[in-house]
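Start from the sequences and build out the full structure, keeping to the hints where you can.
Here the protein sequences come in this chain order: A and B. Counting in my numbering, the first sequence runs from 392 upward without gaps. Counting in my numbering, the second sequence runs from 530 upward without gaps.
I should point out that these hints are in silico values taken from the structure, not numbers from a laboratory. C-beta: ideal position from N, C-alpha, C; glycine also. Be aware that a few hints might be false.
Said to hold, decoys possible - Pair ranges (Cβ atoms, derived):
#1 Glu559/A <-> Ser987/B: 42 to 52 Å
#2 Asp697/B <-> Leu1085/A: 31 to 41 Å
#3 Gly878/B <-> Pro1149/A: 50 to 60 Å
#4 Glu869/B <-> Phe825/A: 43 to 53 Å
#5 Asp697/B <-> Phe545/A: 42 to 52 Å
#6 Thr536/B <-> Arg537/A: 51 to 61 Å
#7 Gly657/A <-> Val723/B: 55 to 65 Å
#8 Asp697/B <-> Glu559/A: 49 to 59 Å
As the list claims (entries may be wrong) - Some residues of chain B that are not near chain A, with every Cβ distance over 12 Å (derived):
#9 Gly634
#10 Gln717
#11 Gly887
As the list claims (entries may be wrong) - Covered stretches of chain A (chain B as the covering partner; in silico rule of three or more C-beta atoms under 8 Å from a C-beta of chain B):
#12 409 to 421
#13 426 to 432
#14 619 to 626
#15 1046 to 1054
#16 1062 to 1075
#17 1097 to 1107
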Amino acid sequence: MPGASGGAGASLADRPADPVVGRVAPHESAALHVTGRAQYTDDLAARTSGVLTAWPVQSTHAHARISLDVAPAYEVAGVVRVLTADDVPGVNDAGVKHDEPLFPAEAMFHGHALAWVLGETPEAARLGAAAVRVEAEPLPSIVTLREAIEAGSFQGIPRTVVRGDAVEALRTASLVLEGVSEFGGQEHFYLETHASFAVRDGDGQYLVQCSTQHPSETQEIVAHVLGIPSHEVTVQQLRMGGGFGGKEMQPHGFAAIAALGAKLTGRPVRLRLDRTHDLTMTGKRHPFHIAWRAGFTGDGGLLALEATLTSDGGWSLDLSEPVMTRALCHIDNAYWIPNVRAHGRVAKTNLPSNTAFRGFGGPQGVFLIEDVLGRAAPLLGIEPERLREQNFYRPGQTTPYGQLVKDAERMPAIWSRLKEECDHDARRGEIDAFNRAHTQVKRGLAITPIKFGISFNFTAFNQAGALVQVYKDGSVLVNHGGTEMGQGLHTKMLQVAATALGVEAHRVRLAPTRTDKVPNTSATAASSGADLNGGAVKHACEQIRDRLAEVAAPRLGIDPGEVRFGGGVVRGPGAGGPELRFDELVAIAYLERVQLFAAGYYRTEGLEWDLDRMQGSPFKYFAYGAAAAEVEVDGFTGEYRLRRVDIVHDVGDSLSPLIDLGQIEGGYVQGVGWLTLEELLWDTGDGPNRGRLLTQSASTYKLPSFSEMPEVFNVHLFENAREDGAVYGSKAVGEPPLMLAFSAREALRAAVGAFGAPGRAVELASPATPEAVFRAVEAARAGAVERVASAPVGREASIASDAPAAREPVAARPEG
Amino acid sequence: MEEPVLTVNARRRPLTGVTAHTTALDWLRSTGLTGAKEGCAEGECGACAVLVATPDDEGGTTWTAVNSCLVPVAALDGQEVVTAEGLGDPESLHPVQRGLAESGGSQCGYCTPGFVCSIAAEFYRADRAPAAIATEGGDTAEHGPNGFDLHALGGNLCRCTGYRPIRDAAYALGGPDEGDPLAERRTQPAPAPVATDFEGGGARFVRPTTLDAALRLLHDEPSAVAVAGSTDLGVEVNLRGRRDPLLVAIDRLDELRGFRVDDDAVELGAALPLSEVERRLDGRVPLLAQLIPQFASRLIRNRATLGGNLGTGSPIGDAPPALIALDARLVLASLDGEREVGVADYFTGYRETVLAPGELIRAVRIPLPLARLTAFHKIAKRRFDDISSVALGFALDLDGGVVTAARIGLGGVAATPLRAHATEAALVGEPWSLETVRRAAAVLAGEGTPMSDHRASSEYRSLMLGNALVKLFHRDAEAAPDRAGVPA
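Okay, structure coming up:
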């Protein structure tokens, strides 16, 4: 029975002696990366002759009924074909919810692709697209979250998490804070934009090269658009130039366009979005609007949280529902909140359809509680890091959705380790002294935790397959269903296979991900790539290893159960006995007609989730971490520098420490980008460009560069952290570190607060751009801010309200 | 005229099938060299970076990293280019490649070939030495112990790593080995510019060999567009489909590449790349030494020129506010001869200037002596490589605690760069004190008519103007406490 046990006696988490997992290994493609030899989807197209290029005809209206006259495009030299809805033999839809027509009759957002032009050259396709005449009858549009809320424009099924009685608890709380937290989305800005390249071979089979995190779903959509069964379509994914969730759902339509073009022209078709296409057409991290009330006991205990979370789903559902589910499952972050009522709903707007992005709603949920705690700490007169620490989960407690918080003791252990590593107490004193000595520049230090649930909330996705092949020379080829987007999955799988087979790493090679090797795969997402595919690869390898043990045992004069595989050598348990080289054994096994390949399968055991009730145990385990960040803010301009960041993060027993370090550092900086720098701005006026993205290129949408990386950056992996429920005792690492970036936001809040009087709440817009920070500094300096008239002056009541930077007033309701 | 050729990774390749607007990136990829990538097509991400052999000051060669997405390949006729593929291969990695690979400096790998080229340019920089630390603003965090200048990577974006391993790999580099072919290549002259004239895709690309020939062409062909570094035009070509029928390359004209310092002026050739201006000035004009590291990225500065920044007439170019403060004059050349115009008088409207048809900016002349207190303030979202929300150039003279002269240039606050006359008047003759500065700052905050856009709000822009003056005062007071009447 394949599954959690991983087969043949060994437990999933146990490691053999001297395993290849756990060693420092560079990315398995690093030598190809640095020499420019690594191939990406569009590189394949560049090396193929006779390729047509696809170019979109984009809507210039946020919402309009449209009709097309494509004839002028055919007058452009080099235009071969214009693709429209009439050309679709199957289902005219690019998604799985059947709410996103591939060729729409109504333009649903500014930039929506209405038709595609195939040209002999990119120039011909571009000019052809410009020549297509679009008749548009404008319709009313909604282009902000607030407009959607006012208009009651929602989509999908709303969800509510409830525990205890939040309304009643808020009535008895010593301090009640009320507010609205609004924060922006985030563009993935994978360096490689969306790309597909489709070829139809002489037998009519389609091979679609696609930069996709979910090849099986890409295959399904291509098949349903073409009206053919899945077995006629193979999707191959060599590697992505970054994904971050942006290629989980959104590549499907582009792949379908390329395949449809290949069908209709008989020529290879490439489709690579340019940066502005990608920015204006594809979805991003969901912006949220959260109205909330939070109640505390007099000594800072979280008592209740009541919140309505509204996300901007854009024009279609895409993954907005599960993103909201995960947001609702992370409003607790690492904190015990006895009474919770959180309602989540997805707004429908005339903007690109928002989608998965590293953290998948988790960051938005965590934003809420960290914002609440950051605002509340000065009002409670408690240092923020103490307020956070005192509310950590204790062993035995459960989340608001009813899951036991496994390994809850890790959070305070990580917290105190981090405080030591970052020299917290001494630096706090230095920073206070610095701030006393400087009026125009202030520093802030903050420390925030993360607890992140690992597994797909959608239980069916928690399965994976692999195909491992050992050739007669002892070399090993591993296929699995996961995709490589830079996160190092293939490196980890190489290490898992080498460990499970007991061979040296150089014997193992990873094959490109293909739907004809491993079918029905899940998206490489939810940080679960290594957990799921690692389980499957290990299972496949162990089947082969067990067969080889049967061959080796008589030659070594021992029982098959005693055969040990390691370092490319096969031997018995004791020292000095006979040995066989792995390749020798493989050659013998072949001659003895032993099967040297195996399909592996894994599914995560122990998950149960009632989506309707939002109760159960959707996660196999939690990943923990904490970060301490120090910033310096210039009071003249609001500009700031990230002076130092220290992180302690729990990756279980690491499969590959260099890879995990890269995920932690990269996730952190990406999170800092979301919270401080990256700003998506749209034309929200009533003019002709309503709904147009204003930040539609790299010169206007700024991601972190070297100037935003922490000047000192120390990352420590939490030690002796074996996770029994995952492959070789490891934990998922892709998403959780992104949310460590709240430490930078909270450090900015602390530095801003230092410009004003103590005991006041600081509100900070998100992203906290220099301008936003400057406004917060001005508000803090203004001292601002009227006190609530009837409130006694004391730690429960000195509330800053309606500061210029605040978008919503904050009110206190002190009780005794 | 001979068929255009380009030497790539030591192999001569004919430029076949190209148009006047084909970018070096697209051409390289069409030849199978797909290491360089298009990440943004506007010189922001550096995924397309390659090395070009350019002349150094001593008759040898410098390996200069440029954005291949912005350079028309025709502009490289007769030149030498090295790509990531040419530096090493997987079986024998170049030291830069090995360092980056082993340190975890690549994740998805898409930006990596560009990083490799930018790092390699710094690896081969002849004057890179530990002693070179802190010439740009004195921040040692931005220089490695090996003299590696982090600003060399300011035009390369990575979305995966968070940059730390890339920085550490760069800072751990030694120097080229004995016999390193690219290091040896530096001792030989760089390829000379090649007279080029060809048509492709309905457009013509001409590289004249003399200024007169260039001026003649610009005079005779009203549709002709002069192009130097192509860091602005390249963006128009890639993002907005601009296709001029005639491009006239002026970036290698000797007359536009002069560099002269005499008793009464510094003269900078209008087509000198900003990196070269920075290197040759070597801090002699402190205001420019502050400006240039903030002027786009090194990759851009390796091609961008003062003439180009002024020629586009943009209201947010970073050079004009600095040059206005320096009281710089522009030497304009045409078939009729030369004339001079002050930078402050050069701009006439939104992207409009006094430049007549057929006229070129030949040089920028900065009068000496320089003002005693100068500064360049740039407010932007991102510290490296961003477009200014506002930019200010300050040049003040103080005598006995009194402001005796003031010139302040502003960018980003009106349809043209501005000179802050009212603020200057509020300062001159007044004591250099916090009180004066606060009063003048209020005037400065009211100069111009800034707009709200995706970079900043109009209110913030105005506040930043005034604050810049107060900040300047505080910084000056910290640096020279005896100069100001009031302590910081």
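These are the hints, each one checked on the structure:
The hint said 42 to 52 Å for the Cβ distance between Glu559/A and Ser987/B, and at roughly 48 Å that hint holds. Between Asp697/B and Leu1085/A the CB atoms are about 36 Å apart, so this pair conforms to the stated range of 31 to 41 Å. The hinted window of 50 to 60 Å between Gly878/B and Pro1149/A holds, with their beta carbons roughly 51 Å apart. Checking the proposed 43 to 53 Å range against Glu869/B and Phe825/A shows it holds: the Cβ atoms sit about 50 Å from each other.
For Asp697/B and Phe545/A, the Cβ-Cβ distance of about 48 Å falls inside the hinted range of 42 to 52 Å, so the restraint holds. Our hint of 51 to 61 Å for Thr536/B and Arg537/A holds, since their Cβ atoms are close to 58 Å apart. For Gly657/A and Val723/B, the Cβ-Cβ distance of about 43 Å falls outside the hinted range of 55 to 65 Å, so the restraint is violated. As the Cβ distance of Asp697/B to Glu559/A is approximately 54 Å, the hint placing it in 49 to 59 Å holds.
For Gly634/B, the requirement that its beta carbon stay farther than 12 Å from each beta carbon of chain A is not met, with the minimum near 8 Å. Its beta-carbon lying about 25 Å from the closest one in chain A, Gln717/B satisfies the requirement of being farther than 12 Å from that chain. With a minimum CB-CB distance of about 30 Å to chain A, Gly887/B clears the 12 Å threshold, and the non-interface call stands. For the segment 409 to 421 of chain A, the proposed coverage by chain B is satisfied: 4 residues have a C-beta within less than 8 Å of a C-beta in that chain, meeting the threshold of three.
Here's how the segment 426 to 432 of chain A fares: 6 of its residues keep a CB closer than 8 Å to some CB of chain B, so the rule of at least three is met and the hint holds. A count of 0 residues in the segment 619 to 626 of chain A with a Cβ less than 8 Å from any Cβ of chain B is obtained; the coverage claim is therefore unmet, three being the minimum. Look at the segment 1046 to 1054 of chain A against chain B: 4 of its residues bring a Cβ nearer than 8 Å to a Cβ of that chain, three or more, so the hint holds. Residue count for the segment 1062 to 1075 of chain A with a Cβ under 8 Å from a Cβ of chain B: 3. That meets the three needed, and the coverage hint holds.
For the segment 1097 to 1107 of chain A, the stated coverage by chain B holds: 7 residues have a C-beta nearer than 8 Å to a C-beta of that chain, and at least 3 were required.
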